[in-house]
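Peer 1: Given next are the chains, with one letter for each unit.
Number of protein chains: 2
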Amino acid sequence: MTSVFIEQARGAREASLGLATATRAVKDKALHSMADSLMAHVQQILEANGRDVQRSREAGVASALIDRLSLDPSRVEGMAQGLRDLSGLPDPVGEVLHGWNLENGVHINKVRVPIGVVGIIYEARPNVTADAAGICLKSGNAALLRGSSSALDSNRAVIAALQHGLEAVGLDPRIVNLVEGGHDITDEMMKARGLVDVLIPRGGASLIDAVVRGSQVPVIETGAGNCHLFVDASADQDMAVDIIINAKTQRPSVCNALETLVIDASIARDFLPRMVDTFTELGVGVQGDSRAQALDARIGETPYDGWDEEFLSLDIRVAIVDDLDEAIGFIRSHSSGHSETIITNDVGNQNRFAAEVDAACVLVNASSRFVDGGMFGFGAEIGIATQKLHARGPMALPEMTTTKYVITGNGQIR
Amino acid sequence: MTSVFIEQARGAREASLGLATATRAVKDKALHSMADSLMAHVQQILEANGRDVQRSREAGVASALIDRLSLDPSRVEGMAQGLRDLSGLPDPVGEVLHGWNLENGVHINKVRVPIGVVGIIYEARPNVTADAAGICLKSGNAALLRGSSSALDSNRAVIAALQHGLEAVGLDPRIVNLVEGGHDITDEMMKARGLVDVLIPRGGASLIDAVVRGSQVPVIETGAGNCHLFVDASADQDMAVDIIINAKTQRPSVCNALETLVIDASIARDFLPRMVDTFTELGVGVQGDSRAQALDARIGETPYDGWDEEFLSLDIRVAIVDDLDEAIGFIRSHSSGHSETIITNDVGNQNRFAAEVDAACVLVNASSRFVDGGMFGFGAEIGIATQKLHARGPMALPEMTTTKYVITGNGQIR
Chain A
0 MTSVFIEQAR GAREASLGLA TATRAVKDKA LHSMADSLMA HVQQILEANG
50 RDVQRSREAG VASALIDRLS LDPSRVEGMA QGLRDLSGLP DPVGEVLHGW
100 NLENGVHINK VRVPIGVVGI IYEARPNVTA DAAGICLKSG NAALLRGSSS
150 ALDSNRAVIA ALQHGLEAVG LDPRIVNLVE GGHDITDEMM KARGLVDVLI
200 PRGGASLIDA VVRGSQVPVI ETGAGNCHLF VDASADQDMA VDIIINAKTQ
250 RPSVCNALET LVIDASIARD FLPRMVDTFT ELGVGVQGDS RAQALDARIG
300 ETPYDGWDEE FLSLDIRVAI VDDLDEAIGF IRSHSSGHSE TIITNDVGNQ
350 NRFAAEVDAA CVLVNASSRF VDGGMFGFGA EIGIATQKLH ARGPMALPEM
400 TTTKYVITGN GQIR
Chain B
0 MTSVFIEQAR GAREASLGLA TATRAVKDKA LHSMADSLMA HVQQILEANG
50 RDVQRSREAG VASALIDRLS LDPSRVEGMA QGLRDLSGLP DPVGEVLHGW
100 NLENGVHINK VRVPIGVVGI IYEARPNVTA DAAGICLKSG NAALLRGSSS
150 ALDSNRAVIA ALQHGLEAVG LDPRIVNLVE GGHDITDEMM KARGLVDVLI
200 PRGGASLIDA VVRGSQVPVI ETGAGNCHLF VDASADQDMA VDIIINAKTQ
250 RPSVCNALET LVIDASIARD FLPRMVDTFT ELGVGVQGDS RAQALDARIG
300 ETPYDGWDEE FLSLDIRVAI VDDLDEAIGF IRSHSSGHSE TIITNDVGNQ
350 NRFAAEVDAA CVLVNASSRF VDGGMFGFGA EIGIATQKLH ARGPMALPEM
400 TTTKYVITGN GQIR
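These protein sequences, in sequence, are chains A and B.
Read in numbering that gives the first Met the number 0, the first sequence has 24 at position 25, and its numbers run on one by one without any break.
Read in numbering that gives the first Met the number 0, the second sequence has 344 at position 345, and its numbers run on one by one without any break.
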């Protein structure tokens, strides 16, 4: 017996074959058509979203989560605009990364091609549905979108609108699919080797961990950001304060926000109380290790196992270290491999930090809030990859492709 | 209690940290020292190998496998030469793939860096031990080498010599490690997330499948090559014969050898018997589908489930199809995604085949035997990757690295 999911994945595979060779013009037309269809179905989408929001309210879900779930006309317009913006980006498919001739005249081209069928497992933000569908389409991939049950009605309405937009330009609606069902369906996705080419979990650390451990399909990890900033003894301390405040407070709920401050002991006696003054003014809660607590009585204790977690709130931890070596060792022990920062005026320390800290992004004298596909100039991103294979850092359209060697000759043999 | 393997993996991780920032000069000196040490220990290596070979003979192992296991002075010299050759290749580490400025003056460099700790699980060829150790070292990675029990004595002697070579130039011998023990150790490797960054199985389809299904560590699949060649109606038939014979017979035991011939029905009546004449002369056994059998009585029947397997011997299967569409569909059903070939003089068919066949390498009018790191001019390869993420096709030194974004500013905030 073939499950509903397997049928759906096979349909996505079939649709992906046609999409893989679609021209940029066809894909861009589809993106505009999908955007138009979202706008034509605003009423249905908002009504469906209203049902999701009401269910969550009745279930007593926290208001921050309800905010992430809620749509309004301007958020739907934002989803449509996101699709239109994708049409302005270059098509990654067909790019020749490298081309050369062998001595015998055989020519080799290394060419970007779509991955095929991309599965995305994400939490309750219905705008991710349109966003992920658009990025997959532009990069030539069919999408199996596994949203959360709390956004089910919204996601159904959004996907129906997107599929309508695809059909309006003569494309296969199975390019974009909503995967519905219980946890057993997530298990099926994770076992669907050969049907699903890659799984991308987007959400909290526990979701990512469950997919990474359970999946037989290759996984790209995104999003967990336990980001550190080290204030070196040589740092410009005014610059350090500005960057710390920006990285911590500009948008604390995101993965590139600062979670842990590491300070060289030789400057901590002056710098830390000054920093805590500013944190206190801005309502940032401060925890720390025993050395930090000894320097400022306003600092609470970080639990033993607290150093590996993201606050994603207006809270920060402080650790005091004796030197750069200890700072690098501390960051190695606790980093999630997302974005790590040093504030320094010492060239040697800058170079050692950049070389020895193992993370997708290493920043010198700049805010980790710049680690973002939009900020990098990539135009769109599916997430920030924190693992080492295939893609690392902001994942944009090129990272949603694989490559193929096309080898042409006129009869050469070995 | 910490297992022997976990201790070993932690040691490799520590060693990898120093190696990651080693200069090319240091790494090249180490490669020469490892090569010298192999030559200084030829006697010990050959004695150890003799014990492995004797055990396998007593166990009644097939002679082809014993040949793969056996070393002699010239094979050890070949291993040493392989290490010396690696020193002539550019260092992939530090290469800037892309560098740009943001509007606010922040500069971003995307830089190649080592992956960290690479686990390689392979079958009974002791020369892979030196080969893999050298490729990992040159790309800045520590290696956990899991050879097969039948080559245990040989691998111990080779690794001891390599470690001696590392120590002779002041490097940490834990850069190269032999992982010993039963199947439970392979399981430990596959669960060692965070300690091992990637697992690369090298060997038969069942080994690769077991690692892919069982591993929580990211895996790069290599090696399984069920390669097809389609003779289009427009093909130059003399060229087709030459390429088919080369791809099938030049070295039938390797992954880029031809396994299945697909022929357009409109030319099969003349072309197939001619091809079978040549196969018969060369001692190539021929199987096929019912249409092929109907055209030539010398063709045996391919078992129902035989079309997905590699012969790796002087045997070939033949399928007859009505047109390019059916050929592409047939290849999609049975390909292992390694190397697929078309022989054609039709530009449209060439382009469709190259675009629509989903494989690491697609060849037009050339032998699939060219799909090889050495032939491609890469100088060394760890294997041919047949999956779509991170690396696809011949995996050379650059594919043994990941990237890091290094972001430098002078106080920029968002």
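Some hints could be false.
Any copy, or any two copies together, can satisfy a pair, since identical chains are not distinguished.
[Stated by the list, open to error] Once the Cα atoms are required to be at most 25 Å apart in a straight line, the calculated SDA-like pairs of lysine to any residue come out as:
id, residue 1, residue 2
1, LYS109, GLN42
2, LYS109, PRO397
3, LYS109, LEU151
4, LYS109, SER148
5, LYS190, ALA204
6, LYS190, SER205
7, LYS109, THR402
8, LYS109, ALA159
9, LYS190, ARG268
10, LYS109, ASN344
11, LYS28, PRO397
12, LYS109, GLU94
13, LYS190, GLY203
14, LYS109, ALA19
15, LYS28, TRP99
16, LYS109, GLY373
17, LYS190, ASP307
18, LYS190, LEU151
19, LYS28, ASN350
20, LYS109, GLY347
21, LYS28, ALA354
22, LYS190, VAL95
23, LYS28, ASP90
24, LYS109, MET374
25, LYS190, GLU280
26, LYS190, ASP241
No lab work stands behind these hints: they were computed from the structure.
None of the values given here were measured: they were computed from a predicted structure.
Peer 1: Identify every previously stated hint that the structure contradicts and give their numbers, smallest first.
Peer 2: Per hint list: 1, 3, 4, 8, 9, 15, 22, 25, 26 violated.
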